[in-house]
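First to last, the protein sequences are chains A and B.
The opening position of the first sequence corresponds to residue 1 in the numbering used here, with each subsequent residue numbered one higher.
The opening position of the second sequence corresponds to residue 1001 in the numbering used here, with each subsequent residue numbered one higher.
Just so you know, these hints were derived from the structure itself, not from any lab.
Please note: incorrect hints may appear among the correct ones.
DMTMM-like cross-link-like pairs, simulated, lysine to aspartate or glutamate; straight-line CA separation at most 20 Å [to be verified]:
| id | chain 1 | residue 1 | chain 2 | residue 2 |
| --- | --- | --- | --- | --- |
| 1 | B | 1119 | A | 79 |
| 2 | B | 1119 | A | 92 |
| 3 | A | 16 | A | 39 |
| 4 | A | 99 | A | 83 |
| 5 | B | 1010 | A | 83 |
Since this is a predicted model, take the numbers as computed values, not measurements.
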Amino acid sequence: MKAELRGQIYSNLNSKDTEELVEIWKTNDRVEWSGLAFDVLEEILKERLSSLPEQDEHILEKQDDEELEEWQAKILDSDTQPELYDTLEVIDTLDSINKVAKAAIVIYAFVGLVSSYGFEALVWGAVSLNNMEELMPILWNLFQTFLSVAIQIAVTYFSLKALMHILRILMEMELNSRK
Amino acid sequence: MSEHKELFTKNQDRLMSIAGWANNLAWVVMIMYLILAALTIFIDQSNYQRMQALAYSQIGVDYWEMARLDPIYYVLDIGSDILSRVLTGLIYYVVLRGISLGLYMVIETDMNYRENSEKEGV
């Protein structure tokens, strides 16, 4: 299985120009390229060059924004563009999904608090904080509100994030299917 | 594109149709929820009057008097309703747009593989 994967990576990298391979080697981006890819890259460069060029420091992690920009650039720089959809439209939609997912957290939390009678009673001082008999139902109501809001946020946020990742994978699959 | 059209299979045609519907539906749903958000005060008022008529509420004040009695709570309540409707519309919109684009990408991928197979003579 590993040999098969190595073979695929080899043929994929071997089809690229030496200049492009040297750039990948120098950038040393371990987030975008796996360790196995770098092993194969080293092998190819040794075959093509007399000596291996020096590498920059390992890039091991990136900010989400940087990662997205690089990913966007890779797709947008492709020589051939899809006919059935607009690449920029997908990138805009992914950005919108991301924004809506974040807005959902804030809005659901706000709506949940406002619609909770426990919160209203506490803010307007309708209950005495010293009276446990009055306070207990309010705390119970706040706990229920917190649970339902948390579930609502989790379901919405993770569904939207899943949709984002599915779209990104589909776009990469489509990019890889072009020849 | 004309070459692609000839390559369309029955399933691809169906997916194209669903993708088109999802894209159009996204706009319809979004506009519908924006209208609902704009009408929040009227909907809230009619719900309040219905509750009064059904005698669920014992408070003998009309809607605007009730709003004047506790303006901060009223603004928060109406604001949260508006935000909730706008958010629901946005969620439906991005999900339907995402589904539509995803389906187009699936068809494009399938067609690319078919074209590659034909070129390689498999």
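- Query: Hint by hint, which ones does the structure fall short of?
  - Reply: Violated hints (numbers, rising): 2 and 4; every other hint is consistent with the structure.
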